[in-house]
Amino acid sequence: MGILFHIGRFFSFLAAALRRPQKGRVFAQATLVELEAIGVQSVGIVALLSVFMGAVIAIQTAHQVGGWVPAYTIGFTVRQTMILEFAPTIIPVILSGKVGSNIASQIGTMQVTEQIDALEVMGVRSISFLVLPKLLAALLIFPFLVVIAMVLGMGAGAFICDFAELSSFADYEYGLQVDFSPFDVTYALIKTCVFALIITSVSAYHGYYTSGGAREVGRSSTKAVVYSVVIVMVANLVITQLLLT
Amino acid sequence: MIRVSGVKKAFGEKAVLHGIDAEFNSGQVNFIIGRSGSGKSVLTKCIVGLLEVDAGLIQYGDTDFSELDLKGREKVRRQIGMLFQGGALFDSMTVLENVMFPLRMFSDMTEEERLERAMECLRRVELEGAEDRFPAEVSGGMQKRVALARAIVGKPQYLFCDEPNSGLDPQTAIVIDNLIKDLTHEYGTTTVVISHDMNSVIEIGDSIHFLHEGEVAWHGDRMDILDSGVKSLDGFVYASDLMKDIRKQLRKK
Ligand SMILES: Nc1ncnc2c1ncn2[C@@H]1O[C@H](COP(=O)(O)OP(=O)(O)O)[C@@H](O)[C@H]1O
Ligand SMILES: [Mg+2]
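These protein sequences, in sequence, are chains A and H.
Going by our numbering, the first residue of the first sequence is number 122, and it counts up by one from there.
Going by our numbering, the first residue of the second sequence is number 1351, and it counts up by one from there.
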């Protein structure tokens, strides 16, 4: 089917997802469940990756230090990489593998086992019922995860500098602060929110329009991740061009 | 009462329903019977609006369902209970949560009242004790019964059951058949049961539509079904010799 068909259907899916919840309490409970599933259960992996990434960037940068590259470059590079790209882009990309595939297979399974039909027959607006709590939860929790990633990455850089005697703490700290522009963090958080919406809605879309059986659910879940990542990358380029130039 | 007139449905090139006319009366157990693949489930999904019909009309009482917008349909749907062929239980919820779900979404009851009503329904399908288990942890037959409990919990005016007793042992099947019959007569429900189980048809069928090659090839009541004279129906009814014996016995009486 043509790309235009998918784009059209995706936007009407999104419009349906943004409809007012039918029952506030049920919606609130579902959102709490999603916060747990999307957020709390992702803290571990986010923390682990950021710590290693921060340390590796510090070591790589230390490797360049000497001659005309000053020691504070280490702190500076770790900060810029973590804030501008690793935390707000790479973390969501990794989460799309975890959260996105999970959303697609959950909703896909509900579709092929007629659970979604069952909702519709009762008079429940299934798209909004299933997708809105996930969208909201992701929008709330992704920025939080990304900030954790930034802080841990920079902390790990400090630790490795000290541990491996790459530079003095004072140099590292100076590097963290030099030429700092708060707008970088704003830019990062704007990106994060956009990516959170892309990943949840694209994955939910692929899950919702699954037909067939278990094999198709698997396929939808793969497609969810691939499309999420590609769209995130394109959006990343567009947002960066708009905000940083 | 539900009236279906001239309903046609095709999937791409493949026509499944060629123009169905039928009436399902309130306070009666209305059967749709037919061989596997004859379009029974498709017809039911058309009636409840899960599938759009290509042509034809569906009326609930005086309401023209096929003409309604989404809001109007939702209103009708809150009076519908449906048991799906595969159960379609929500797998992230326990048995009890499944049964309580329609009440949570659409009733003004207190949590206590909901719990009481849900437990009452679970008792009627003989499932007390299973309320904290998840659908994946109970047998297929039990899932069917939970699904029936969920379908009836809101005291629907219209009840659809797609093969309610496939996968059930004969004893439980009779319990479920009788439950469907009792509820229908107690509340004056318009009940539509899809089945290919002649036992159920003879036991509780007030009105029967036989679907064959996308058309209603016969309709009548359970007294007439044994002597319909319709070849395709006879083939269906007398697929097992047991039915011939039953006919003989009925004739003697
Ligand atoms: N969504 C669908 N897409 C294409 N064909 C379908 C679909 N649903 C049902 N069919 C076809 O319609 C016919 C009737 O199916 P169904 O109503 O499920 O039969 P049954 O009488 O056993 O319930 C079958 O041949 C089936 O393959
Ligand atoms: Mg069927």
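Because the hints were derived from the structure by calculation, they are not lab data.
Some hints could be false.
[Said to hold, decoys possible] Capping the alpha-carbon separation at 20 Å, the derived lysine to aspartate or glutamate pairs in EDC-like fashion look like this:
{"#": "1", "chain 1": "H", "residue 1": "Lys1425", "chain 2": "H", "residue 2": "Asp1441"}
{"#": "2", "chain 1": "H", "residue 1": "Lys1364", "chain 2": "H", "residue 2": "Asp1412"}
{"#": "3", "chain 1": "H", "residue 1": "Lys1598", "chain 2": "H", "residue 2": "Asp1584"}
{"#": "4", "chain 1": "A", "residue 1": "Lys144", "chain 2": "H", "residue 2": "Asp1458"}
{"#": "5", "chain 1": "A", "residue 1": "Lys144", "chain 2": "H", "residue 2": "Glu1462"}
{"#": "6", "chain 1": "H", "residue 1": "Lys1425", "chain 2": "A", "residue 2": "Asp305"}
{"#": "7", "chain 1": "A", "residue 1": "Lys144", "chain 2": "H", "residue 2": "Asp1571"}
{"#": "8", "chain 1": "H", "residue 1": "Lys1505", "chain 2": "H", "residue 2": "Glu1466"}
{"#": "9", "chain 1": "H", "residue 1": "Lys1421", "chain 2": "A", "residue 2": "Glu206"}
{"#": "10", "chain 1": "A", "residue 1": "Lys144", "chain 2": "H", "residue 2": "Asp1532"}
{"#": "11", "chain 1": "H", "residue 1": "Lys1505", "chain 2": "H", "residue 2": "Asp1532"}
{"#": "12", "chain 1": "A", "residue 1": "Lys144", "chain 2": "H", "residue 2": "Glu1463"}
{"#": "13", "chain 1": "H", "residue 1": "Lys1505", "chain 2": "H", "residue 2": "Asp1571"}
{"#": "14", "chain 1": "H", "residue 1": "Lys1603", "chain 2": "H", "residue 2": "Asp1577"}
{"#": "15", "chain 1": "H", "residue 1": "Lys1603", "chain 2": "H", "residue 2": "Asp1571"}
{"#": "16", "chain 1": "A", "residue 1": "Lys144", "chain 2": "H", "residue 2": "Glu1373"}
[Said to hold, decoys possible] Quick list of the computed label-pair ranges, beta carbon to beta carbon:
{"#": "17", "chain 1": "H", "residue 1": "Lys1602", "chain 2": "A", "residue 2": "Val147", "range": "55 to 63 Å"}
{"#": "18", "chain 1": "A", "residue 1": "Arg140", "chain 2": "H", "residue 2": "Pro1520", "range": "44 to 52 Å"}
{"#": "19", "chain 1": "A", "residue 1": "Gly123", "chain 2": "H", "residue 2": "Asp1371", "range": "48 to 56 Å"}
{"#": "20", "chain 1": "H", "residue 1": "Asp1482", "chain 2": "A", "residue 2": "Leu261", "range": "46 to 54 Å"}
All C-beta atoms in this analysis are idealised placements derived from N, C-alpha and C, irrespective of residue type, glycine included.
Of the hints stated earlier, which fail here?
-> 1, 2, 6, 7, 9, 10, 13, 16, 19 and 20
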